[in-house]
Amino acid sequence: MKILGIDIGITSIGWALVEADRDLRENNKIIDCGVRLFTQAENPKNGESLALPRREARSMRRIIKRRKARMSQIKKLLCKHFGFAFEVFVSDIPSLPKLFATHKAFLSPWELRALGLERKLSDTEFARVLLHIAKRRGYNDLSTIVDDNHASDKAKKEKVILNSIKENKKQMETKGYKTIGEMMFKEYYGKEISQGCYENVRNKGKQEESHQQGAKENYKRSIGRRELQNEIEEIFKSQREFGNQKAHKGFEDDFKKIAFSQRELKSFESKVGNCEFFPEEKRASKCCYSAEEFINLTKIINTLKNIEHISGEIYPKEIIKEILDRSKRLKGGLSYQKLREILKLDEKIEFKDVKLDYINDKKPEDKIFIKFQKYHELKDYLRDFEAEFTSWGADILDNIAQIITFNKSSKILSEKISKLPISKPLQEKLINNSLGFSTTIRLSLKALDRILPYMREGKRYDEAILLAGLKKDSPTNNKCSLLPPLSETGFADTLNPVVNRAMAQYRKVINAIIKKYGKVHKIHLEFTRDIGRNFKERSRIFKEQQENYRRNQDALEICKTYGLDETQKNILKVKLWICQDEFCVYSGKKITKECLRDANMLEIDHIYPLSRSLDDSQGNKVLVFATQNQAKGDRTPYEWLGNDTEKWDEFEKRIRTMKKLPRNVKKKLFNKNFAGKHIGDRASFLARNLNDTGYINRLISQYTASYLEFLPLSDIEDMSKKAGAKGSKKHILTLNGGLTSLLRHYWGLEAKNRDTHLHHAQDAIIIAFATDGNIQAFSTYLQTREQAYLEMSKKAKNIQERGDNKTKKSLQKPLENFATQVGEKINNIFVSKAPRRNVTGALHEQTIYPKEKYLDVYGGAEGVEKALKLGKIRQIHQGIVANGEMVRADIFKSKDKGKFYVVPIYTYDVAIGRLPNKAIVQGKDKKTGVIKDWIEMDTNYTFCFSLFKDDLVQIQTNKMSKSLYAYYAATNASTSGMTFRHHSNKILEENEKEFFKEKPNSGFLADGCGIQNFKIFKKCIISPLGEICEARWEPRKDVRLKTTKKKP
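Plus 1271 on top of the position in the sequence shown (first one is 1) and you've got the working numbering.
These aren't lab readings, by the way, just hints derived from the structure by calculation.
A couple of the hints might just be wrong.
Subject to a maximum C-alpha distance of 30 Å in a straight line, what follows is the list of computed DSS-like cross-link-like pairs (lysine-lysine) [as the list claims (entries may be wrong)]:
#	residue 1	residue 2
1	K1814	K1633
2	K1937	K1903
3	K1406	K1427
4	K1428	K1462
5	K1491	K1462
6	K1633	K1609
7	K1846	K1864
8	K2096	K2270
9	K1347	K1406
Distance ranges between label pairs, derived from CB positions [said to hold, decoys possible]:
#	residue 1	residue 2	range
10	P1696	H1374	51 to 57 Å
11	G2150	Y1652	21 to 27 Å
12	E2021	K2233	27 to 33 Å
13	Y1629	P1692	44 to 50 Å
Only a predicted model underlies this, so the values are computations on that prediction, with no experimental measurement involved.
Where a beta carbon is used, it is the ideal one built from N, C-alpha and C, also for glycine.
Please work from the sequences and hints to get the whole structure.
And the structure:
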């Protein structure tokens, strides 16, 4: 049977194709294996979209353009009403415009805004006030301040701004100011807060740090647009009262129309995805009443099922209705404590929810279980129409939520809300709503209408869709020999960009394997912990891995210091000893250095007995005295100590004081609900480890199973059985990540070395051989060992420990000399990388410098002009900017001397459609000090090839005995030196040791290589499987985007 093992991460894919014979191990073999690397589809520093900088820059350009047009209209309006010439608004650099020229009697516009309420303003003063307000017309605060712990950074920033607007408005009203401008002037303008440091009126930084460079904005002076509109009305009203004939109503209306005009917001209903079950229907807003009921019912039913599994009590549908009704009545939602009261639940039973911290929180069950948040937000907003609101059914509530979620334009809102059977005043309230409704669920209102009746009866979601007769469109009739692109399938919009890129590379690898080796019988998949997780979660996992590595190194040093053998067991003992603050968790006695040196005094215990949990992870282990381990036996801590209240309380108190002990370990030590898991629960073990049911895992498995053709499986296998069960006829198997680590240890393979990329292939080999037969043999071994260990006396136990290695060695491995064969295979791998041929990006750096900054760099004014002509720097208006990304490097070779030269091509060149033709020359002229001119690539030079990042090249320098392969990384535009990267970060040959040098946090690099005297310099093509061939010569390609304007 041909089995393909795949290890998928967000930047890597390890793969291994094996032949596995269920009955005869001699027929097993590793056919091939490899690693494919690619870049992460997000900013590695903060997890933001790679398109975000471009999108923000484009948005800012539009804002500036619109503001400029708006201010131009305002200036023309002022010229018309005050009789100014337009030139008074135009400046001659470095002078200010005439209207703003300073003099002794010059007043700040902030002061004029306050004086405009007290006296008549001159035409110039009035114009300056209006320009000051129009230029910064306030934050459009027609939004709701929503308390959301999972809000994005942008949403959190918006919340801070909206709160500041609210506070400033409150302060204005409390202190009796007529306008926001008057308050800002009298409260903050010109106020010295320390010597030489004055209060900010605008948001320029923290009050106490505003004079410091880089002070962060705090938005305390944020002003709402409605406050500025009110200020304009007050100023015009006051000016009319003071006899200003030019402050008439027509001028006021014209000004407000221009200054506060805003484009109608488009409906984004067309952008909303379709329902899973009814493709013609749009998804429902998550703010709909039915959607909230669906989400809450799902959580209620799943929670009750978990409790039923522990307690054995079956809850009727009346309980579900009571929980739902009580949560609907409570504005703040239903807490876990209230849920416990409704269920009359035993205090020993804890709710399974990751947000409940029973270890560190004094009252963890005060947290909210479920709530109808958006329902109550709408109810509060319409509190003046309470009688009408309470008369509505779910259909009206759903329609209102749908409309205000997908439409923000008052015109479209008016059109759609007017069709609802509600009163006119209430319609007006909804049209001008400040509700921040957004996001959708994957189901339509039509699907919810079918599903909810069954869920109200207590049926799980999966049961309800079957009873409702709902089925997803299945592409089973469209299977083909190769996987189609995601864009051509029903999975196109189901994954985030990071997972989408991993899936695109997965498809390439799968298709390449099938093209080379033909179809397979089965595919075994394992997903790294970070796949499908958000940036913060992945960062946390990465920090945990770094911290674990540091702890291992610390433990190793302690082993050396104390004279302990540097074995994995002793390293683990020391790590646990440190985590437990050098105390035994069971007895509370101090574990001394002498105890560590005594091989028989201490034992590593499984908190959940291994024979019942088959959990051999570090999170299930503690270091204890042997006598305590024997007393505990095949029980959990609670089963051992729980009947003695005094001992259990003392145990809980002791564990809580161990601050270094990980939370998941404490949770297992405190668990009171492990009953029912008995020795030999092999089916449970297989179900956990051979059926990883995470959301991303299921989607990728469904994509593969839906579109890929497999070789037929044996007739004796059963299609009705779950994947992983003996005799299963399922083609796709998803493995739990912890299983690979266990099998690596018990099959005698080296520990994973994360510094190289080859470990992905090693994992894939293990995954491929993780067949039901091998896993069952492994689980039987663990159970037998644990049972025998518990049944024997101490003397027999010592014999067992000495013989344990022999037992482990006798455990069935997939191949003879398995570790040796795996090592040989992975050492022959050439890691494949996906080249980056993208030619878009920022045209130049954002900071604009004066020419004077570059005089020393390039050798005076003449050097700066030469640098501009060569494209080393760019001119924007009167300033200079550095280049953006170098997207391509074109390699030429001289016909006479055979030397290589590089011509850099930047995003700026691509944007303007100009193909550079000069190769980099290093240094300055010794006489003039001006940078040297670059060499024109004329008929004396032959074009060789173009290099993009991560293109593969073959290189041989004069000092090397033979050539090697490397990935192109970068070119230095000042020196023409090129940087190359090693494919796997594992140096095996002397040739490689001479060329590559290890760089901290960067792996093995060849940095700043001069290419002129290379003996061999060729571009190569590498397949997704790591097969290398020399690239075919192609003529030099022009640089041009679809948007690049054609040359006249």
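Hints, one by one, checked against the model:
no., hint, in the structure
1, K1814 x K1633, "holds, 28 Å"
2, K1937 x K1903, "holds, 17 Å"
3, K1406 x K1427, "holds, 25 Å"
4, K1428 x K1462, "holds, 27 Å"
5, K1491 x K1462, "holds, 16 Å"
6, K1633 x K1609, "holds, 16 Å"
7, K1846 x K1864, "holds, 13 Å"
8, K2096 x K2270, "holds, 27 Å"
9, K1347 x K1406, "holds, 14 Å"
10, P1696 x H1374: 51 to 57 Å, "holds, 54 Å"
11, G2150 x Y1652: 21 to 27 Å, "violated, 50 Å"
12, E2021 x K2233: 27 to 33 Å, "holds, 28 Å"
13, Y1629 x P1692: 44 to 50 Å, "holds, 49 Å"
Violated hint: 11 only; the structure is consistent with all others.
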